[in-house]
Every structure is written in structure tokens, then in C-alpha cells.
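> Starting from the known structure of chain A, fit chain B onto it as the hints suggest.
The chain contents come next:
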Amino acid sequence: MRTLVLDVPGWNVHRPGQHVDVRLTAEDGYQAERSYSIASAPGEPPAITVERLDDGEVSPYLVEEAVPGDRFELRGPIGGYFVWEADRADDPLLLVAGGSGVVPFRSMLRHRADVGSTVPTQLVYSSRTFDDLIYREELDELAARDDGLELIETLTRAQPPGWTGRSGRVDAELLREIAFPAERNPRVYVCGPTNFAEAVADGLVELGHKAGRIRIERFGGT
Amino acid sequence: MGIISRGFRGRGRGDDSGRLPPGQYVTPDFPVLSAGPTPHTPLEEWTFAIEGGSEPVRWTWEEFRALPTETVTKDIHCVTKWSKFDTEWEGVSVDTLLESVEHDRAYALAFCDGGYTTNVPVEDLTDGKAWVAFAYGGEPLEPEHGGPARLLVPHLYFWKSAKWVRGLSLRDEDEPGFWETNGYHIYGDPWREQRYWGD
Numbered sequence: 001m002r003t004l005v006l007d008v009p010g011w012n013v014h015r016p017g018q019h020v021d022v023r024l025t026a027e028d029g030y031q032a033e034r035s036y037s038i039a040s041a042p043g044e045p046p047a048i049t050v051e052r053l054d055d056g057e058v059s060p061y062l063v064e065e066a067v068p069g070d071r072f073e074l075r076g077p078i079g080g081y082f083v084w085e086a087d088r089a090d091d092p093l094l095l096v097a098g099g100s101g102v103v104p105f106r107s108m109l110r111h112r113a114d115v116g117s118t119v120p121t122q123l124v125y126s127s128r129t130f131d132d133l134i135y136r137e138e139l140d141e142l143a144a145r146d147d148g149l150e151l152i153e154t155l156t157r158a159q160p161p162g163w164t165g166r167s168g169r170v171d172a173e174l175l176r177e178i179a180f181p182a183e184r185n186p187r188v189y190v191c192g193p194t195n196f197a198e199a200v201a202d203g204l205v206e207l208g209h210k211a212g213r214i215r216i217e218r219f220g221g222t
Numbered sequence: 001m002g003i004i005s006r007g008f009r010g011r012g013r014g015d016d017s018g019r020l021p022p023g024q025y026v027t028p029d030f031p032v033l034s035a036g037p038t039p040h041t042p043l044e045e046w047t048f049a050i051e052g053g054s055e056p057v058r059w060t061w062e063e064f065r066a067l068p069t070e071t072v073t074k075d076i077h078c079v080t081k082w083s084k085f086d087t088e089w090e091g092v093s094v095d096t097l098l099e100s101v102e103h104d105r106a107y108a109l110a111f112c113d114g115g116y117t118t119n120v121p122v123e124d125l126t127d128g129k130a131w132v133a134f135a136y137g138g139e140p141l142e143p144e145h146g147g148p149a150r151l152l153v154p155h156l157y158f159w160k161s162a163k164w165v166r167g168l169s170l171r172d173e174d175e176p177g178f179w180e181t182n183g184y185h186i187y188g189d190p191w192r193e194q195r196y197w198g199d
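As you go down the protein sequences, you meet chains A and B in turn. Residues in the first sequence are numbered from 1 upward in steps of one, following our numbering. Residues in the second sequence are numbered from 1 upward in steps of one, following our numbering.
No wet-lab data here; the hints were simulated from the structure. Predicted, not measured: the structure shown is a model, and the values here were computed from it. Think of the CB as a built atom: it goes at the ideal place given N, C-alpha and C, for glycine as much as any other residue. Treat the hints with care, as some may be off.
What follows is a set of in silico ranges between Cβ atoms, one per label pair, in the way DEER data are often shown [as the list claims (entries may be wrong)]: (1) B:D104 / A:R71: 51 to 61 Å; (2) B:T27 / A:G10: 27 to 37 Å; (3) B:G2 / A:V5: 17 to 27 Å.
Isolated chain A, as found in the complex (with noise of 0.2 Å):
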């Protein structure tokens, strides 16, 4: 896991939760493009938090081999539905993210704190393992200014001796315990892998949730 930090000329400011098309290209001409979604709040320059991939044909170059100074190709910023912004939102914001699904609710995030909003928000976030967890220290931090944000992580695979946070799958079981019930009407946005974002929406849609109000954004077998 690495996030770069990308100097582009001429950068339109983004919206949280757009990507950007990346293309690398080798010496004899050979290309290769990959979407990111985009970690920094508007006005910050683009930053993308990219996750090895064993089999990835990208993720290893960018997580291993580029190092400051090395240039590719950027297209962006890209996409206009799975995006939040405070100014446009008064409803309760829940947040699901699964693994690297987190990426984008970091730019939301911070945007959101950036812009001094208070809208009730919780990020639900799954991982595996403590050391899976992306963004700790910072989203520890945002929960910690006291201005209506939740965080509840959860942790499938293991938990470290005195782990406070919670165990298992984000489930409709889990959901309905600590999530903001259908009532409230929040806005939805759930990010992960495919299996990780069907049993999330499944449950939400189980718990009353009305399907348009779930943005999905999903990765996988990529």
C-alpha cells in the first residue's frame, strides 16, 4: 500500500470521490491504464493511494518502482455520480468501505472537515487484519474533533490483544446494530470489492434502505 502524492499541471480541482485514469508507458511504446480513486480533499493536489495487487500489472509499479520525480500519464478528474459534498447535503452521510474501498471516502472526509461541516456522518470500515487498515492514524483523528463524525472499524481476519473496535463482516446484523436506520434517510455511498459491496448493499436493502439512495462503487478480479 502507498499513496502518491502527484504534481499535474494544470489540475482542475476534483470533487471527493472521482478517480483518475493513470497510463504507464515502456520504452518500446507498450501502455498500460488503471483507474485510482483520488484520497485528497478538493484544493490539494491529487493524490492516489494504490494496493499491490499480486497478480496487478500497474499496482506494483507505482507501489514499488516509481519514486519521486518519475512522470506518467494522468486523465482526470473523472466521474460525477459516486461523489459527496457538503455544501450540496444536509442528510446523515453513511460511509461502508471495504479494504482499499476506503480511498475515497478520504477525500470525502477530509473535505468534509476541510469545509467545517457537521453532518451527522459514519464511516463503517472493514479490513482484515489492524495492519490492513489504511488512513488509521488520520481517521483517529477526524473522529477525534468531535464534529459528528463515527467511525467503526471492524476487523475480519484477526484482532490484536485489546481491540475495541468490532469483529466479522459488515452484515445486515451489524448494520442495524450501529448504522443509521433507513429512517433517517442518509445517503449511501458503499465501496469494496464486488462480494464485499453485494452483501454491504444486500443488507442495507434488507434494513429498508431505498435502493436509489445506495451509490455503489465496486473493484475487482482487477
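Only chain B this time, still in chain A's reference frame:
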């Protein structure tokens, strides 16, 4: 050629089949991409409708499944960069469906359970170019892949192959659908790399 990325070698060469559009890579997987929860419409409530012709036409699931079907093997290309070769589908050709409809419209807007829409010119749906598919790899189409039935328009980026499709609305104007109003290209030809607005 773009900026050379120092130290990047890549490993995707070897596709010399001419079947891989620019910017794509081949995957053996079948990733899932959709914007909302997966709908689960019971077959007894499912219908497929074509609106905008001289009169509306509608099939129940039973009627739809009684129509002649075709089995086709196609390469598919997702705007998120993956392509998958030789996917096998069974479905009803849109030509077959349109035989029941009298119209002279140039565009169609596919509509779906969950509210998803996507726009496709009628000429890209006819002459053996598009199907309403209900089986994949010889098995009923799974809900997360668009079951019970999805549109299949394999020569365009795969977001045009609308999951959970429930009908076509025929129109005179090319009205942008869901992704087309959210930054994605109005037409979506993978060979011209028409991914986003401005491509």
C-alpha cells in the same frame, strides 16, 4: 506515444490477436460493475417492453422465453479497462423483438430495474448486433451480472449492455442515459477509445 514511465515494463504484450482495443487488458475474470444494489425481480413480475412505436409492445417472461433465441460468442470490453474474450451468451436478438414494433425512430433508451438507463442508436441494436441475453456460459444469468436478463451490445463499451434490462424506449433524439450524464461518452466505441466526455 506518451511520456515514458521510467522502469515500467508491463507484462500485457502477447495479445497480437488484434482483438484488444486500445487501453484495454485481457482478464479471465468477469468483474462486476454497477452503481446501486442488485435488484431481484421475481420472474412472474418481469416484463420486457418496447415503447415509442406505433403502439407499445410487452412480453411476460414466459412469452419472452418462447421467442426464438440465438447463442453467440463475443469479446466484451469494459470502460474500466478490462476485456474478456469469447464470452458465450444466449438471448433473443433485438431484431426479433423489433419485428413486433412499427417505428421509424433513430435512438433507443434502455431502461432497467433499479432505474439505470443507457442510450444506444437503433442501428447499433439491429442487424445482428444486439441481444437481450438471459444465459451466460450455458447457465441462467446471475443477478449480479444482470439476470434475469441484460442487454448485450458487445461492440460498444459494456456499460451499454444494461443489466436488469426491462425495455427499450424508442426516440427521435439521442437522450443521454445514466453514465452518459455522469461523464461517460455518449456513444462508447472501444476501438476509438470513447470513454469519457470529450473523447
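> Give me the numbers of the hints this structure contradicts, sorted from smallest to largest.
Checked against the structure, no hint fails, so every one of them is satisfied.
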